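Below are the chains, spelled out letter by letter.
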Amino acid sequence: MSASPPRVFGSTAQLIAVCPLLAMSDTVADALGIGAAVLVVVPLAAVLLALLRSRLSDETALAATMLTVAALVACVELLMRAWLSELRTALNLFLPLIVSNLVIVQYLQARHETAGRAFGGSLRIAVGIAITLLPLGIARELVGRGSLLHDAHTLLGSWAGWSEVGVFRVDMGFMLAMLPPGAFIAFGLLLAARNWLLHRRS
Amino acid sequence: MATRADTAKPVVTLALLAAVLTAIVVLVANVTRTRIAHNEQAWIQQRLDALVAPATYDNDLLTDSIAVRAPDLLGTAQPVRIYRARRAGAPVAAVIRAIAPDGYRGPIELLVAVGRDGRLIGVQVIRHNETPGLGDAFESRDVHWLDRFRGRSLTDPPTQRWTVRRDGGDFDAFTGATITPRAIIKAVRNSLEYYQRNSQKIFDLPSQ
Numbered sequence: 005m006s007a008s009p010p011r012v013f014g015s016t017a018q019l020i021a022v023c024p025l026l027a028m029s030d031t032v033a034d035a036l037g038i039g040a041a042v043l044v045v046v047p048l049a050a051v052l053l054a055l056l057r058s059r060l061s062d063e064t065a066l067a068a069t070m071l072t073v074a075a076l077v078a079c080v081e082l083l084m085r086a087w088l089s090e091l092r093t094a095l096n097l098f099l100p101l102i103v104s105n106l107v108i109v110q111y112l113q114a115r116h117e118t119a120g121r122a123f124g125g126s127l128r129i130a131v132g133i134a135i136t137l138l139p140l141g142i143a144r145e146l147v148g149r150g151s152l153l154h155d156a157h158t159l160l161g162s163w164a165g166w167s168e169v170g171v172f173r174v175d176m177g178f179m180l181a182m183l184p185p186g187a188f189i190a191f192g193l194l195l196a197a198r199n200w201l202l203h204r205r206s
Numbered sequence: 002m003a004t005r006a007d008t009a010k011p012v013v014t015l016a017l018l019a020a021v022l023t024a025i026v027v028l029v030a031n032v033t034r035t036r037i038a039h040n041e042q043a044w045i046q047q048r049l050d051a052l053v054a055p056a057t058y059d060n061d062l063l064t065d066s067i068a069v070r071a072p073d074l075l076g077t078a079q080p081v082r083i084y085r086a087r088r089a090g091a092p093v094a095a096v097i098r099a100i101a102p103d104g105y106r107g108p109i110e111l112l113v114a115v116g117r118d119g120r121l122i123g124v125q126v127i128r129h130n131e132t133p134g135l136g137d138a139f140e141s142r143d144v145h146w147l148d149r150f151r152g153r154s155l156t157d158p159p160t161q162r163w164t165v166r167r168d169g170g171d172f173d174a175f176t177g178a179t180i181t182p183r184a185i186i187k188a189v190r191n192s193l194e195y196y197q198r199n200s201q202k203i204f205d206l207p208s209q
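Residue numbers (our numbering), protein chains in the order written: chain A, 5 to 206; chain B, 2 to 209.
No lab work stands behind these hints, which were simulated from the structure alone.
Each hint should be verified, as a subset may be incorrect.
Chain A regions said to be covered by chain B (calculated; three or more residues, Cβ under 8 Å) [to be verified]: (1) 102 to 109; (2) 132 to 143.
Partial list, derived from the structure: chain A residues whose beta carbon lies under 8 Å from chain B [what the hints assert, rightly or not]: (3) A67; (4) A68; (5) L71; (6) R85.
Owing to the predicted nature of the structure, the values given are computational and were not obtained by experimental measurement.
Don't be surprised by glycine CBs; every beta carbon is placed ideally from N, CA and C.
Work the whole structure out from these sequences, hints included.
Put into structure tokens, the structure is as follows:
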């Protein structure tokens, strides 16, 4: 299989590709919702594309990736509107936007030859994204709103209405945490923590 | 040198993939259509109930509604829905789904409930993109801000004072934002004006 992506598309590209996803992590409920969408779309698209890979040329592979991811995101959006309608109002603007990021992630996965390996590899990435979103959602909601699981009932159903935890009362909140730049700052801190841990271990 | 067959195969695959994916999206759209429509109805009904007390009328607001166009006063070139509340056939209130076009980050969708006498019953923001923490104070820090419209009318306060205090008006802005409250106040006043000019028509038009 020839179409391994150019070297410049290393892990840095992958990192940049997930940035717009990170910006959506302003509450725990939103982070969970986006994480769920990613967990569904990425592995499904990977398997589908791996099965078709031998029938596609290098030129058509990218187009096929785009088509597949866009169609799957459209389906997930419709299903969310039907069964998670209130959360979807919150994600309104952003769900179609994750297409471009997932296309890159997916394209980077193109080197996996078999459906099984593609599934494994992409599931790992999807879980990684979902797991990264969660602490960001927690940190940003905690700092920005002083609560946890605000609006979680929109995701988890009305039984979760009690689950919002008012940690401390804020008048204005720490706004920066809730705005998209807050995600990048939090993400930077998370990376720093990871590097520090790795460094200490070695 | 690629043969014709080499080039054709991937293109055919791509076309087939596109056809199959389109079919899947159409299928999902069909399966979810009624549920999505139902959700939207429930969503708007919930907000209408919060505005106009259900005990004050006896008709179904969602079916007794009209679509009107008034870009100048209702903030959009698109048709705007007006829900009509009646008791035993007599008009009780009209709820106008107006737009405040000049929000800080795009249009703000409102529900403006006007009583038969032209006084405001209440105002709700149903959709907006205002800055979290500042422009969205009406749903977090200052949840009672929208209450101050209750009982107001086109003449109370007089026209020139229908704005934020900073512009010489009667309404407080909330801390940290002026543009958002200004946009909402203006849209509410315009809705009242639309109501006053068309009150007869609003209740007489057949539902559509």
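Here's how the hints hold up against the structure:
1. 102 to 109: violated (count 0)
2. 132 to 143: That given contact is violated, which follows from only 0 residues of the segment 132 to 143 of chain A lying within Cβ reach (below 8 Å) of chain B.
3. A67: 6 Å, holds
4. A68: 6 Å, holds
5. L71: 6 Å, holds
6. R85: 5 Å, holds
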